[in-house]
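Protein chains: 2
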Amino acid sequence: MDARTSYDELINLSKQTALLASCEALLSWEQQTYMPPGGVEHRGNQLALLAGMIHEQRTDPKIGDLLGELEASDLTGKPDAVEAVNIRELRRVYDRATKLPRALVEEFAKTTTVAERCWAEARVKDNFPAFEPHLARIIDLSRQMAECYGYESSPYDALMDSYEPGATCEQVTALFGRIKEGLVPLVASIIASPKQPDESIVRRNYPVDRQEILGEAAAAAIGFDFQKGRLDRTAHPFCSTIGPGDIRLTTRYNPVYFNDSFFSILHEAGHGLYEQGLLEEHFGTPMGEAVSLGIHESQSRLWENAVGRSHSFWRHFYPRTRQVFHATLHDVALEDFHFAINRVKPSLVRVDADEVTYNLHVLIRFEVEQAMLSGDLPIADVPAAWNQKYQDYLGVTPPSSKDGCLQDVHWSIGAIGYFPTYTLGNVYAAQLMNQAEESLGSLDELYAAGEFHPLLTWLREQVHAHGQCYRSAELVERVTKKAPDETALLESLRSKFGQLYDL
Amino acid sequence: MDARTSYDELINLSKQTALLASCEALLSWEQQTYMPPGGVEHRGNQLALLAGMIHEQRTDPKIGDLLGELEASDLTGKPDAVEAVNIRELRRVYDRATKLPRALVEEFAKTTTVAERCWAEARVKDNFPAFEPHLARIIDLSRQMAECYGYESSPYDALMDSYEPGATCEQVTALFGRIKEGLVPLVASIIASPKQPDESIVRRNYPVDRQEILGEAAAAAIGFDFQKGRLDRTAHPFCSTIGPGDIRLTTRYNPVYFNDSFFSILHEAGHGLYEQGLLEEHFGTPMGEAVSLGIHESQSRLWENAVGRSHSFWRHFYPRTRQVFHATLHDVALEDFHFAINRVKPSLVRVDADEVTYNLHVLIRFEVEQAMLSGDLPIADVPAAWNQKYQDYLGVTPPSSKDGCLQDVHWSIGAIGYFPTYTLGNVYAAQLMNQAEESLGSLDELYAAGEFHPLLTWLREQVHAHGQCYRSAELVERVTKKAPDETALLESLRSKFGQLYDL
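For the protein sequence lines, the chains are A and B, in the order given.
For what it's worth, this note's numbering labels the leading residue of the first sequence as 752, then goes sequentially.
For what it's worth, this note's numbering labels the leading residue of the second sequence as 752, then goes sequentially.
Just to be clear, a hint being listed does not mean it is correct.
For identical chains, the list gives no copy identity; a pair is met inside one copy or between any two copies.
[What the hints assert, rightly or not] The list that follows gives simulated cross-link-like pairs (lysine-lysine, DSS-like), each with its CA atoms no further than 30 Å apart:
hint, residue 1, residue 2
1, K1232, K1096
2, K813, K766
3, K766, K861
4, K861, K1096
5, K946, K1096
6, K979, K876
7, K946, K1153
Simulated from the structure, these hints should not be mistaken for lab results.
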């Protein structure tokens, strides 16, 4: 076969597997939105069947043969060309899928299935010791997996590579250290400020049906296409891609708290805009897929925070909000509302954290999971270490493991190395937004006029359209002419909250 | 291998395919309930992929080998035994799947995909000639398929066998002839009766959210388990099984017509009760599947009409209905409401037809499709033949093909031989209900007391639990000690409507 024929065959295999995986995506989405309780066992069987078929397709030796042939061909000549990118990234996926022995994959799947159930129960009962052996086993298996994947300096790199290809523990540690240095004093000065928002404003009655109307309007206003997507209710907000033309957002509603659904909708819509911006013609191949979780998170955080929590956004959107919640907000001025939605307060729970302290929650998890993996931190000591870090960085101490080291699902499902992508997303977002401002002129003026399209178009051209052509850091550097670092993030937080809190 | 090992392998293959088919079922359900418009093309690709994989599994020569081996073993000794039933019915499915040459299957799939789209357009534009060549091609391909399947006396038998295994054109023709003889004069005397209901009662304002609440309450009252199922909105009501513990009902709401959603919910809940009554341990094998479309329809019609349109049901349910629609029904007495929901009036559209005339709509379709298949009726003459029969049997003439021979989707998707199952369902239902009355005592007393459980339990024991152990006619005869015929149906209609209309 000539290289072109082999390439077409490789792409065809990739698209077939993506199509099958997209069936799995719909079944998972439906499990979390509409499935009746009685369907859970059968759904587990359906998902296991599809997962098995997908794994089989992804590890088909034929893919290895085709890749070997293509890597020796001239199709990999220009590294930015579609063919070269697809070959490079399909190699990466194939190698990772085939490097793990089947026994380890199955052991990991079994362990995490049980662990997730035990974690949920341990969390409710505030019983870390009940979860401890499961966590220990997951860490042990993760070490084995890291050895199979291979790494240069740290086994953590091999795990993080699943979520943020190319990132290294060394770089992230240094970056996060500088972020911590900047944030801890900023948080302290915010807390010490005599000027504080009236948070009760966002804790009034916000009828759920109206939250839904407003949230959909906001998602549509920033450009999410509801002809090619939906917003539904679920226990934990997420965004899921079913296929080109079909992107699902989910959220949850708290009838006495405005922020919960509104900003989670903007956040998920940010993920959705990225997915809607990937090129349909490349669906099912790396050129049609997101770069990394960090870049994905940069898109969601950017719309949620840089846009959605800006003063100019609310200059445009507050009158409409007041119309929808006229009984609730008739006595609230724009300035007070804007300050209330931006309140900074150290707290125990990551998913409820504000824009500033959020990164400290992430840093703590990054440090704890590294220490677990290296063996420096015995698993039994995780709650104590966790609590000490909360005291040191945020000035609060969890009264229980429930709101402490048991709060997140990630470790129980074996997602070690995932947390850093949240803060990497914030780093990328801040730097991208600086560049957007430079390229497009005053973004505040655009937001205040309700014009979000210029920003979206710019992101589509600069970020979305490239699929996996570039790795995260490379992409950010190409767009902003600067390797990603903490400067833009810290500057933007200091500037925004300095103004709000009169620092 | 010994026979037991081969049998286990056969069952395992059957269950794997059922599991994959259940993924397809969820994707189809979701397409008709929540999928955004932009998802349609990708969903088509997903469904085509799964359909191809399922077809491949169903025609796997390994199944033929296992069946051949098992048919020669002692596992088929007792025809009622689980093993014998599963072997017999899996043979049936395998033979039907493998008898058609691949080229014919593909040609049929292509033809009906295009035909359905053309039908939808032709219907809107009231343009039968635009649909005519597609229908002609479908009839021609159906004839070819009948030849491949094989038959004894009529090619129609081979097609009907897809929906009602074991039924023959000869029997159905004779049965339907006797039904027609009984119904045509009954309809005439109803029309001529001076006593007529006030139909405007059911054409008042019925707010949709309240219809949903009441409809769900009714479905739950007759026994549908909402822990193991759901009710959602769709364009055309249907019931879909995702798996054990997960049965989906759908309906549509008309804000100014009570009957539309209420009785379609009871109807679909009847289908759902059958599916919820199939034994979970047999899921994925014939012993865990419905006998036929006719028996399925008997269950839906029975709950919709024999129960849901009875006077005693409304003695129990009307006070609750009045509470939900207090503004709408405050001046309406039970008797008037009950008469209004039971109004008989010859009309043009099958899905809107009442309990009596419904069967005449079915008879017309049965006669027309037989004549098309035999070649006696040129396709171009279908509208004229259709209209003539409506005039002869129902006394009404369609002013257009839109509300005439273009009204149903069935022919466009190639479902020739499907229509008779609707009336067969009514025949079975009436006979089963007579037997239930005999076994359980006065059903009216039970309904009036809100006790639907005895009837459901009886149906589960007599019908649902047997899966495909018996063919339709055999099952009805076992339960009622009488081969199915028109007597019970005609008697029940004469009795009920004789009383209502003072005949």
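Against the structure, the hints come out as follows:
1. Taking the closest pair of Cα atoms, K1232 and K1096 never come within 30 Å of each other, the shortest separation being 34 Å inside a single copy and 77 Å across copies.
2. Within a single copy, K813 and K766 get their C-alpha atoms as close as 15 Å, and across copies as close as 29 Å, so both meet the 30 Å cut-off.
3. Taking identical chains as interchangeable, the C-alpha atoms of K766 and K861 lie at most 30 Å apart whether they share a chain (28 Å) or sit on different chains (22 Å).
4. For the homomeric pair K861 and K1096, neither the shortest alpha-carbon distance inside one copy (39 Å) nor that between copies (62 Å) is at most 30 Å.
5. Taking the closest pair of Cα atoms, K946 and K1096 come within 30 Å of each other only inside a single copy of the chain (13 Å); across copies the shortest separation is 75 Å, beyond that limit.
6. When the C-alpha separation of K979 and K876 is checked against a cutoff of 30 Å, the pair qualifies only between copies, where the shortest distance is 28 Å, while the shortest distance within a copy is 41 Å.
7. Taking identical chains as interchangeable, the C-alpha atoms of K946 and K1153 are never at most 30 Å apart, the minima being 32 Å within one chain and 70 Å between chains.
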